[in-house]
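Student: Protein chains in written order, with numbering that gives the first Met the number 0: chain P, 0 to 276; chain C, 0 to 276.
Hint data in this document are derived by calculation from the structure and do not stem from the laboratory. Don't take every hint at face value.
Pairs count within a copy or across copies, as identical chains cannot be separated in the list.
SDA-like cross-link-like pairs, simulated, lysine to any residue; straight-line CA separation at most 25 Å [to be verified]: (1) Lys51 - Ala31; (2) Lys274 - Val76; (3) Lys139 - Gly245; (4) Lys120 - Pro187; (5) Lys267 - Pro232; (6) Lys19 - Arg215; (7) Lys267 - Pro111.
Protein chains: 2
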Amino acid sequence: MSASAITDLSRLCVHTATTKPWSLSIAAREYARAGIKGITVWRDALAALGPKESGNVCRAEGLEIVSLCRGGFFPHVDQAGKTAALDDNRRAIDEAAALGAPLIVLVCGAHPSLSLETSRKQIVEGIAEVLPYAHERGIKLGIEPLHPMYAGDRSAVNTLRQANDMCDALKSPYVGVALDVYHLWWDPELREQTLRCGKSGYLFAFHVCDWRTPTRDLLLDRAIMGDGCINIPEIRGWVEEAGFKGFNEVEIFSTEYWSGDQSPYLQKIVDAYRKHV
Amino acid sequence: MSASAITDLSRLCVHTATTKPWSLSIAAREYARAGIKGITVWRDALAALGPKESGNVCRAEGLEIVSLCRGGFFPHVDQAGKTAALDDNRRAIDEAAALGAPLIVLVCGAHPSLSLETSRKQIVEGIAEVLPYAHERGIKLGIEPLHPMYAGDRSAVNTLRQANDMCDALKSPYVGVALDVYHLWWDPELREQTLRCGKSGYLFAFHVCDWRTPTRDLLLDRAIMGDGCINIPEIRGWVEEAGFKGFNEVEIFSTEYWSGDQSPYLQKIVDAYRKHV
Chain P
0 MSASAITDLS RLCVHTATTK PWSLSIAARE YARAGIKGIT VWRDALAALG
50 PKESGNVCRA EGLEIVSLCR GGFFPHVDQA GKTAALDDNR RAIDEAAALG
100 APLIVLVCGA HPSLSLETSR KQIVEGIAEV LPYAHERGIK LGIEPLHPMY
150 AGDRSAVNTL RQANDMCDAL KSPYVGVALD VYHLWWDPEL REQTLRCGKS
200 GYLFAFHVCD WRTPTRDLLL DRAIMGDGCI NIPEIRGWVE EAGFKGFNEV
250 EIFSTEYWSG DQSPYLQKIV DAYRKHV
Chain C
0 MSASAITDLS RLCVHTATTK PWSLSIAARE YARAGIKGIT VWRDALAALG
50 PKESGNVCRA EGLEIVSLCR GGFFPHVDQA GKTAALDDNR RAIDEAAALG
100 APLIVLVCGA HPSLSLETSR KQIVEGIAEV LPYAHERGIK LGIEPLHPMY
150 AGDRSAVNTL RQANDMCDAL KSPYVGVALD VYHLWWDPEL REQTLRCGKS
200 GYLFAFHVCD WRTPTRDLLL DRAIMGDGCI NIPEIRGWVE EAGFKGFNEV
250 EIFSTEYWSG DQSPYLQKIV DAYRKHV
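Assemble the whole structure, with the sequences as input and the hints as a guide.
Tutor: Encoded structure:
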């Protein structure tokens, strides 16, 4: 199944980290002016106004708050590290509740001294630990599989199958998956596991950007959709075949784009969304 | 099964790219002096002496030539590109024969304008095309799965399962796999697919180095064994459980190490080999 063409911006969301030089207030205003309908908020962006007022600013611009990014980083070699991570995740849940975000995206973590299996075990234990707190506040948790190039230190969840398996283990309507094409486009099981994800009710979020060739930096060289090698419409087709009806969320981390004027860059994103998502 | 401890250097091979500033003659002399028994030769290193004399130099130092690196890069959007790649692979086979290397390692290629499936199809077709030429000259071809961070432009073969599947499709004693811990340490099926690889007779080469956290460059920031997060002895255990009896080959690409004195760096590699492989 191929995706139907994008005809309007009603499902376009932008992550504030995409336009990192802008404050949350400016981002909200500029997103709304560009016709964007959803916003995901980086936790750092909450500092200026606090979560509650940040939420009011977004809603005043007519934006739907899609998620708060990010929680996670559960694996640690000692109990103190684990406890600090759980505390930080509870704080993120409080912030999401105050902001009015229904979902926290989890960058689950990995520790170079731990095996990937141990890190994954600690991730499941960590999510299970904070889950009641999230449930009580009505906040969902989205496990985001990260590209294997981050397996050493950012996430031991590197395939969609692994994230789906964790959701199976945790069995809660408050635990699901954030599927990012940047992290998963190479995954040989992507179509099959996307269908499993959606049909199991796990597909909470869909993130888009592009993979530049050659990529010059492991973290901060993501490309605007259409400027890389990812077949985004094909993956969106699978996501929609799996029943997803949420936002198509643009998340671009890019030193190059952050160094320039954010307004034409945002317009490029909107144009690329119509053509290449 | 865990690997038995390394007690001597009889199975230590070093890839000349590891000590890139050295000419082949110097590398061969210094490797031999350090007690290293095997050498893999980067094609660039053949330029000074030509393949035949390069082989003589290595053998005169008592080194076993393990492989020539590299062939591959089969996928292209046009026939001219494909034909040029096939010609280049035939040249590499001639060079391996002249050098006296029994194996060519294949970095199979990927093209950002082609889907990964199409690239993989072209890889299998390309290997099938040059296979008779390799067979006639007694040269084996080793498919090296590359880390998914290279899927856009260097290789569409990113898991060991994919490489094993290609070997199944090509059904030749001259087609197998080069298994590099740097590329595959994150692979969730690594143990199972290593056993399949060895037991099917596909396991032609085993490469080691380490994954630095954080990694600062996508290509040239590999670490010496023990300086990263890969459990190399565990993977070597699987490789040996699968029946592999060949060299443990060190392949480090590192701007940092290349910028310094190569002699103490080579000694560090030898010491790390005893402790961390």
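Student: Pop the pair lysine 139 and glycine 245 into one bin, within, between, both or neither, using alpha-carbon distances up to 25 Å.
Tutor: within (14 Å within a copy, 50 Å between copies)
Student: Quick one: lysine 267 to proline 232, C-alpha cut-off 25 Å, is that within a copy, between copies, both, or neither?
Tutor: Within one copy, since 18 Å is at most 25 Å while 49 Å is not.
Student: Is the C-alpha distance from lysine 19 to arginine 215 at most 25 Å within one copy, between copies, in both cases, or in neither?
Tutor: For lysine 19 and arginine 215, the Cα distance is within 25 Å both inside one copy (19 Å) and across copies (22 Å).
Student: For the identical chains here, do lysine 120 and proline 187 meet the 25 Å Cα criterion within one copy, between copies, both, or neither?
Tutor: both (24 Å within a copy, 14 Å between copies)
Student: If the cutoff is 25 Å on CA atoms, where do lysine 274 and valine 76 land: within, between, both or neither? Let me know, please.
Tutor: Between. Shortest inter-copy distance 23 Å satisfies the 25 Å Cα cut-off; intra-copy 46 Å does not.
Student: Within a copy, between copies, both or neither: where do lysine 267 and proline 111 come within 25 Å Cα-Cα?
Tutor: between (38 Å within a copy, 21 Å between copies)
Student: Between the shortest in-copy and the shortest cross-copy C-alpha distance, which are at most 25 Å for lysine 51 and alanine 31: within, between, both, or neither?
Tutor: within (19 Å within a copy, 68 Å between copies)
Checked against the numbered hints above, the structure breaks none of them.
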